[in-house]
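Quick note, the sequences are listed as chains W, V and S, same order.
Numbering-wise, the numbering used here comes out as the position in the first sequence, counting from 1, plus 404.
Numbering-wise, the numbering used here comes out as the position in the second sequence, counting from 1, plus 26.
Numbering-wise, the numbering used here comes out as the position in the third sequence, counting from 1, plus 411.
It cannot be assumed that every hint is accurate.
[As the list claims (entries may be wrong)] Computed list of lysine to aspartate or glutamate pairs in DMTMM-like fashion (alpha-carbon distance at most 20 Å, straight line): (1) W:Lys514 with W:Asp535; (2) W:Lys744 with W:Glu698; (3) V:Lys144 with S:Asp434; (4) W:Lys744 with W:Asp694; (5) W:Lys514 with W:Glu578; (6) V:Lys172 with S:Asp434; (7) W:Lys536 with W:Glu558; (8) W:Lys574 with W:Glu602; (9) V:Lys172 with S:Asp672.
Keep in mind that the hints were calculated from the coordinates and are not lab data.
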Amino acid sequence: MSAFSRLRLDGVSRRFGGQAALTELDLTIEAGEFIALLGPSGCGKSTALNCLAGLLPLTAGSIWQDERRIDTLPPERRGFGMVFQSYALFPHLTVRANIAFGLRMRRLPKEETRRRTAEALRLVRLEEHVDKLPGQLSGGQQQRVAIARAVVFEPSLVLMDEPLSNLDAKLRLEMRTEIRRLHQSLGLTTVYVTHDQEEALSLADRLVVLREGRVQQVGSPRELHTRPANWHVADFMGYRNLWRGRVTRVDDAVVTAESAGQRLLGEAVGDLRTGAEAVLAVRPEDIRVDGAGETRNALSATVEVVEYQGRELAAEARTDTGLLLHLRTERRIAPGDQVKLAVDPRRLLVYPDGPAHRPEDQGATR
Amino acid sequence: MATTTEAPPIRPPDTTRRRRRIAARPAAWIVWGVVVFFFLNLLGVVASVLVSSFGQSWFDTWLPDGYTTSWYARAWDEFALLSVIVVTLEVSVLVVGLSLLIGVPAAYALARRSFPGKRLVFLVFLLPILMPPITYGIPLATVLYKFGLAGNMSGVVLANLVPSVPFVILTMTPFIEQIDPRIESAARMCGAGLRTVFLRVLTPLLVPGILAAAILVLVRTVGMFELTFLTAGPDSQTLVVALYYSMSASGIRAQQSVDAMAVIYTSMMLVLLVVALRYVNPTQLVAQVKDEPEH
Amino acid sequence: MSGAGPDRPLAHWRHRLAERGVDRQLWLLVPALVFVVALFVYPFCYGLTLSFQPTNGGPFSDYARFFSDAYERGTIWITLRIALPAALLNVLAAVPIAYRMRGRFRGKRLVTTVLVVPITLGTVLTAQGLLNFLGPTGWFNRILLATHLVDEPVRLTHNYWGVFFSLVITGFPFAFLLVLSYLSGIDPTLERAAATLGADWRRRFTQVTLPLLMPGLATTFCLTFVLAFSVFPSAVLVGNPAGETRVISLAAYQAAYERYDYPYASAIAMIMGFVELVIIAVVLAARSRFYTGSTGGKG
Chain W
405 MSAFSRLRLD GVSRRFGGQA ALTELDLTIE AGEFIALLGP SGCGKSTALN
455 CLAGLLPLTA GSIWQDERRI DTLPPERRGF GMVFQSYALF PHLTVRANIA
505 FGLRMRRLPK EETRRRTAEA LRLVRLEEHV DKLPGQLSGG QQQRVAIARA
555 VVFEPSLVLM DEPLSNLDAK LRLEMRTEIR RLHQSLGLTT VYVTHDQEEA
605 LSLADRLVVL REGRVQQVGS PRELHTRPAN WHVADFMGYR NLWRGRVTRV
655 DDAVVTAESA GQRLLGEAVG DLRTGAEAVL AVRPEDIRVD GAGETRNALS
705 ATVEVVEYQG RELAAEARTD TGLLLHLRTE RRIAPGDQVK LAVDPRRLLV
755 YPDGPAHRPE DQGATR
Chain V
27 MATTTEAPPI RPPDTTRRRR RIAARPAAWI VWGVVVFFFL NLLGVVASVL
77 VSSFGQSWFD TWLPDGYTTS WYARAWDEFA LLSVIVVTLE VSVLVVGLSL
127 LIGVPAAYAL ARRSFPGKRL VFLVFLLPIL MPPITYGIPL ATVLYKFGLA
177 GNMSGVVLAN LVPSVPFVIL TMTPFIEQID PRIESAARMC GAGLRTVFLR
227 VLTPLLVPGI LAAAILVLVR TVGMFELTFL TAGPDSQTLV VALYYSMSAS
277 GIRAQQSVDA MAVIYTSMML VLLVVALRYV NPTQLVAQVK DEPEH
Chain S
412 MSGAGPDRPL AHWRHRLAER GVDRQLWLLV PALVFVVALF VYPFCYGLTL
462 SFQPTNGGPF SDYARFFSDA YERGTIWITL RIALPAALLN VLAAVPIAYR
512 MRGRFRGKRL VTTVLVVPIT LGTVLTAQGL LNFLGPTGWF NRILLATHLV
562 DEPVRLTHNY WGVFFSLVIT GFPFAFLLVL SYLSGIDPTL ERAAATLGAD
612 WRRRFTQVTL PLLMPGLATT FCLTFVLAFS VFPSAVLVGN PAGETRVISL
662 AAYQAAYERY DYPYASAIAM IMGFVELVII AVVLAARSRF YTGSTGGKG
């Protein structure tokens with residue numbers, strides 16, 4: 405129950421009747437860390453969280469809290485707190501009773517229960533709603549109750565399962581700051597599950613990207629943002645331009661690749677040889693529209709679709725050779741415009757492709 | 027499922043549509059005519075028993091010659107109704123209590139878990155409801171007599187539990203399914219063990235469902251004829267079985283006193299029904315089909 | 412606790428069981444399972460074996476006895492002749508009425524409440540009421556005579572019709588409420604969508620609502636049929652238990668409680684269960700040919 409200095413997941417796997425949901429997750433969590441499990445829906449991130457919580461028994465592997473094996477303990481004896489996507493507040497209990505629930509389970513003295521509940525209420529700024537039932541609260545307030553309930557008994561680890569996904573965009577940003585603030589002020593060790601890369605990048609100290617139950621990459625927000633380990637992670641991290649192509653030349657880390665008749669220069673991520681199949685990845689915001697004077701990676705294209713997005717425009721353009729580009733620009737452009745585009749070779753990542761890197765055949769270009 | 031004490035979901039009254047429905051379309055008139063005819067006959071069936079039970083003598087006329095309440099006193103004495111009613115209540119309370127105790131945990135497991143053989147288990151629970159009571163009642167009574175359990179109250183209770191336990195399971199399973207399992211997970215993450223989850227979190231949430239299941243089992247047990255008939259001894263007859271015996275032996279006793287007994291039975295059932303309908307939807311008295319889920 | 416040593420095989424088993432969804436919570440099922448096995452499955456098997464151990468003759472002689480005696484054999488036909496038409500009528504009459512009443516209108520709850528009354532009254536009281544109401548001097552015949560529709564009282568009790576009416580009175584509300592709940596489970600916007608595509612009400616019903624309702628109708632028919640098939644008190648009280656309404660449950664009862672021939676009674680009960688399950692199986696097989704998924708509505 406007490407605090408730990410290190411939590412170790414060792415080959416944690418979960419299968420559902422022959423279907424693998426999570427395969428061999430190895431992860432070490434240091435005390436005080438904020439870790440985000442990130443991935444598209446069905447990638448196994450919630451499975452991992454539930455295994456860690458003890459709500460889902462493992463089908464292989466083990467979990468160690470320092471030198472103590474905990475994966476055989478029922479959830480109530482692990483001493484973790486958890487925030488659920490649907491909040492899962494007890495509908496028949498008031499806000500106060502919801503928050504005090506964990507303390508009452510631990511049979512703390514009445515006075516201390518009262519004091520700590522009041523403290524948690526103040527922390528999430530819900531003092532004036534203490535006697536309401538969850539059904540009488542707004543989504544954001546319910547979420548704050550759920551968070552208070554999970555942290556009030558000072559758990560050694562807080563698990564959060566997409567806690568913000570039921571909130572509207574404005575509230576989501578507010579709560580994000582709130583969660584980060586709580587993490588910093590209480591020094592809680594947190595594992596946070598989300599499918600929103602922006603959320604994960606802004607909150608976490610370390611990110612774990614999962615895909616089809618397997619870890620794709622573990623790293624800091626910066627590492628994930630600038631250097632995804634493979635094109636699946638790149639796809640997930642906002643590299644909307646993914647072009648399938650072939651390597652024509654390799655100069656150490658700089659490779660030349662050809663995609664849809666365009667010759668492009670980029671940085672190799674992984675092992676690439678001349679003639680190998682490759683996937684080229686660029687973020688829309690890394691395509692420059694004022695690329696008239698540029699000699700490297702210059703493309704001329706016709707604008708096809710334009711979406712207004714406030715200060716910026718998101719646009720789709722196509723080169724004469726048929727390469728489709730997603731880009732963002734502050735320039736006023738309109739469908740039918742001819743534009744000169746350029747990509748910085750350091751921002752264009754080239755990944756190996758082919759059967760070994762593609763578990764199931766899915767198109768890389770979108 | 028509308029098993030809560032709340033009224034069915036309220037919608038803004040749509041007066042224009044209601045008007046149109048009653049508009050004079052021939053098909054509508056035929057349908058309403060059939061319904062009214064059915065209700066008139068139903069009324070006739072119930073009222074003729076009621077009138078007869080208060081009639082002094084009633085032969086070949088529209089209404090009895092005079093009215094009296096003396097048949098009730100006679101029925102009360104002749105059929106020893108007090109003890110019969112006490113037996114009926116005892117049996118019902120025992121059946122309700124036991125079937126809830128056995129059925130609710132099973133309903134929970136069925137609602138929350140998937141495991142190999144779940145369909146088979148479900149089928150086994152469904153069969154006692156699908157089978158005519160006489161079919162399994164005769165072998166069941168034979169077995170109970172063999173172990174000396176029939177012919178007394180324990181036999182009646184055991185036999186009535188056979189359809190009641192599955193009934194509780196089938197009523198409660200959808201009710202439990204609609205409670206977010208993460209509420210239980212949340213309780214466990216707060217440090218509550220399985221027993222605490224059941225007592226502190228689930229039970230308060232399940233009260234409406236348990237109440238509904240209890241009242242449904244009660245109505246069914248009081249009305250259950252076949253199984254009680256097959257297993258009851260002279261001292262363990264419920265009201266409906268006593269009524270059957272007095273009816274099949276009519277001729278010995280005055281018709282009106284049998285009618286009086288029938289009225290007593292009817293009013294008992296109607297009281298139960300009025301109570302039941304405060305907690306459940308009429309459809310639920312028939313089957314476990316969800317009528318108007320709340321959300 | 413340490414990962415090595417005696418803990419390993421245990422954890423291995425736990426992992427294997429966890430994959431199949433087996434854990435401690437399944438103990439909650441045990442009391443109910445024990446109960447059903449002890450009081451339903453075991454008696455049923457006991458009855459089955461007993462039926463093969465007749466008081467005299469070989470293992471099948473009780474079955475042979477039943478089928479060779481026309482008086483006994485006929486009970487199957489008698490039961491089906493009462494139960495099938497009654498169940499069919501109840502379901503078929505319920506459809507148009509429920510279809511008309513599926514919307515919301517004032518007094519709907521009253522209508523459904525009144526309909527529940529005969530179900531809760533049960534067969535015994537219904538029988539008593541029918542005897543009074545439909546009897547030769549009852550109100551029904553009086554009205555017919557007074558309006559000169561008939562010249563002498565119609566005999567409606569102590570024969571086939573008495574039993575049939577009692578099955579309709581208890582069975583129709585049952586079928587109606589079920590059909591109504593199935594109907595309100597069908598999303599009403601589906602019919603509106605069909606209307607925008609140019610379907611008149613008849614085609615909306617036959618092409619959209621009815622196909623979605625069919626599985627529910629099949630289930631309703633099964634449940635109504637089960638009720639009608641086990642007709643016992645009404646067959647004795649308002650029927651003619653020695654002749655045209657000597658149903659199979661009565662034959663089983665007489666064998667057990669009048670002749671104390673339990674093996675023979677068990678044999679009849681088994682035949683009864685078998686016949687009923689065959690009919691249900693046929694209906695359910697037909698049901699599986701329809702779309703049985705979500706009907707989009709609040710059901």
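For a quick check of understanding: which of the numbered hints are violated here, in increasing order?
Numbers 5, 6, 7, in rising order.
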